[in-house]
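A.B. asks: Given next are the chains, with one letter for each unit.
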Amino acid sequence: MAKTKTRDRMNNEINAGSMADIAFLLLIFFLVTTTIAEDKGILVRLPPWSDEEPDITKLKERNVYSVLVNANNQLLVREEPMRISQLRENAKEFISNPRRLENMSESPKNAIISLKNDRGTNYQTYLAVYNELKGAYDELWDELAQKRYGEPYSDDMPFAQRKAIKGEIPMVLSEAEPTNFGEEN
Amino acid sequence: MAKFSKKRGKSSPKVSTASLPDIIFMLLFFFMMVTVLRDSDLKLSVNTPEATQLTKLDEKSLVNYIYVGRPTAQYQDIYGTSPRIQLGDKISTVDDIPLFLEQHKVKLPEAKRGRITSSLRVDGDVTMGIVQDVKTKLRKSNQLRINYSAGKRAGELN
Numbered sequence: 004m005a006k007t008k009t010r011d012r013m014n015n016e017i018n019a020g021s022m023a024d025i026a027f028l029l030l031i032f033f034l035v036t037t038t039i040a041e042d043k044g045i046l047v048r049l050p051p052w053s054d055e056e057p058d059i060t061k062l063k064e065r066n067v068y069s070v071l072v073n074a075n076n077q078l079l080v081r082e083e084p085m086r087i088s089q090l091r092e093n094a095k096e097f098i099s100n101p102r103r104l105e106n107m108s109e110s111p112k113n114a115i116i117s118l119k120n121d122r123g124t125n126y127q128t129y130l131a132v133y134n135e136l137k138g139a140y141d142e143l144w145d146e147l148a149q150k151r152y153g154e155p156y157s158d159d160m161p162f163a164q165r166k167a168i169k170g171e172i173p174m175v176l177s178e179a180e181p182t183n184f185g186e187e188n
Numbered sequence: 003m004a005k006f007s008k009k010r011g012k013s014s015p016k017v018s019t020a021s022l023p024d025i026i027f028m029l030l031f032f033f034m035m036v037t038v039l040r041d042s043d044l045k046l047s048v049n050t051p052e053a054t055q056l057t058k059l060d061e062k063s064l065v066n067y068i069y070v071g072r073p074t075a076q077y078q079d080i081y082g083t084s085p086r087i088q089l090g091d092k093i094s095t096v097d098d099i100p101l102f103l104e105q106h107k108v109k110l111p112e113a114k115r116g117r118i119t120s121s122l123r124v125d126g127d128v129t130m131g132i133v134q135d136v137k138t139k140l141r142k143s144n145q146l147r148i149n150y151s152a153g154k155r156a157g158e159l160n
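Here the protein sequences come in this chain order: A and B.
Here the working numbering = 1-based position in the first sequence + 3.
Here the working numbering = 1-based position in the second sequence + 2.
Treat the hints as calculated values from the structure; they're not laboratory data.
One or more hints might be untrue.
To be verified - Okay, derived cross-link-like pairs now, DSS-like style, lysine-lysine, Cα gap no bigger than 27 Å in a straight line: (1) B/109 to A/43; (2) A/95 to B/58; (3) A/119 to B/139; (4) B/45 to B/114; (5) B/154 to A/43; (6) B/142 to A/43; (7) A/150 to B/58.
Small disclaimer: the values here were computed from a predicted structure and weren't measured.
Please construct the entire structure, taking both the sequences and the accompanying hints into account.
C.D. replies: The structure is reproduced here in C-alpha cells:
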C-alpha cells in the first residue's frame, strides 16, 4: 500500500514528444512498401461452358462479322485481310450500317462478332484485336448516349439509361474454339 | 510602427507542435489503408500488353490473380523456358485452377461471391494456346468474370 503512495506523488505523465517520431517511422515504412498500382484491364464475361460449339452458320451471313487471327498474327476480317488499326472503324461501320448496305448488319441488334484465333496467336495481338472490337462498341454507345442524353456513356449514368443503350446496341462477341496450326512451346 | 515592434518583441512566436502527431497519424492511416503488401512474388516474367478500353477493378478482395508467362532467369533451370501458370506464389498447371478459385471463394461472404473477378495477368509474348486452356478451365469452373490485365496505351496503334 505504501507503494501506491509513492506512485501518487510521482508525476504520471508519459512524454508524448516522441510520438511524432514513432508515427513518422511507421509512415515511412508504409510509404516505402506501398504500391498504389491500380489494376486495370479489359473486363470480359465469358460464356458458360457447354460441350457444343455455338453454331453461327444458322445466322444470316450479312449479320456475322467474322474476325480471324492466324498464328502469324495476321487479320482476316470477312474474308479480307486487314490491319488492326483499321478494325475499329470497319467494325463500327458494320454494326451501325449507316448507309443500309446489303452486306452489313440489318441492325445493331442483329450484329454478331465472331472472333477466332489460333493457339499460336500472340496474346498481345489477340488483346489488341479484342480491344479494338470493344472500342468499336464503346464508341457506338458513346455516340448514342451523346445523341439521346447529351452526355458520353459512362458507368455513372443511371442504370435505366445504360440498359436502354445496351438494349439498342448489344455487344455480342462470340469466340470460337481456336484452331491449332502454329502453337510453339 | 513602434507599437507593433514592441508587441512582437515581447511575445515568443512558437508554433504549437502538439497536433503534429495527429497529422502524421492521419497520413499513416491513409497509407495503411491503401497499402497492399506484396502477397506473391513472381516467378514468371509478366509484361502485360497495352490497351485503351480499360475498366478499373474496384474491390481488391474480390479479385484473384492468374499469372501466365515465361519463368524468370533464376527459375528457368527448374521450370524450363516455356510459358507457365502461377497461382498465388506457386507455379501450377491448369488443373490446379479450380482448387485455387475455391480457396479464394471460401474466404469471402456469400453475398459477394457473384462478383469475383479473375484477373489474367498474361505476358504479351505468350501464345494464345495456354491462355485458351486457362479460359476453358475458368469457364468449366463457372468463373466467368475475367479481366485481361493491361496497361494504359497513350500513343497511336501502329
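A.B. asks: Going back to the hint list, which numbers does this structure go against?
C.D. replies: 4
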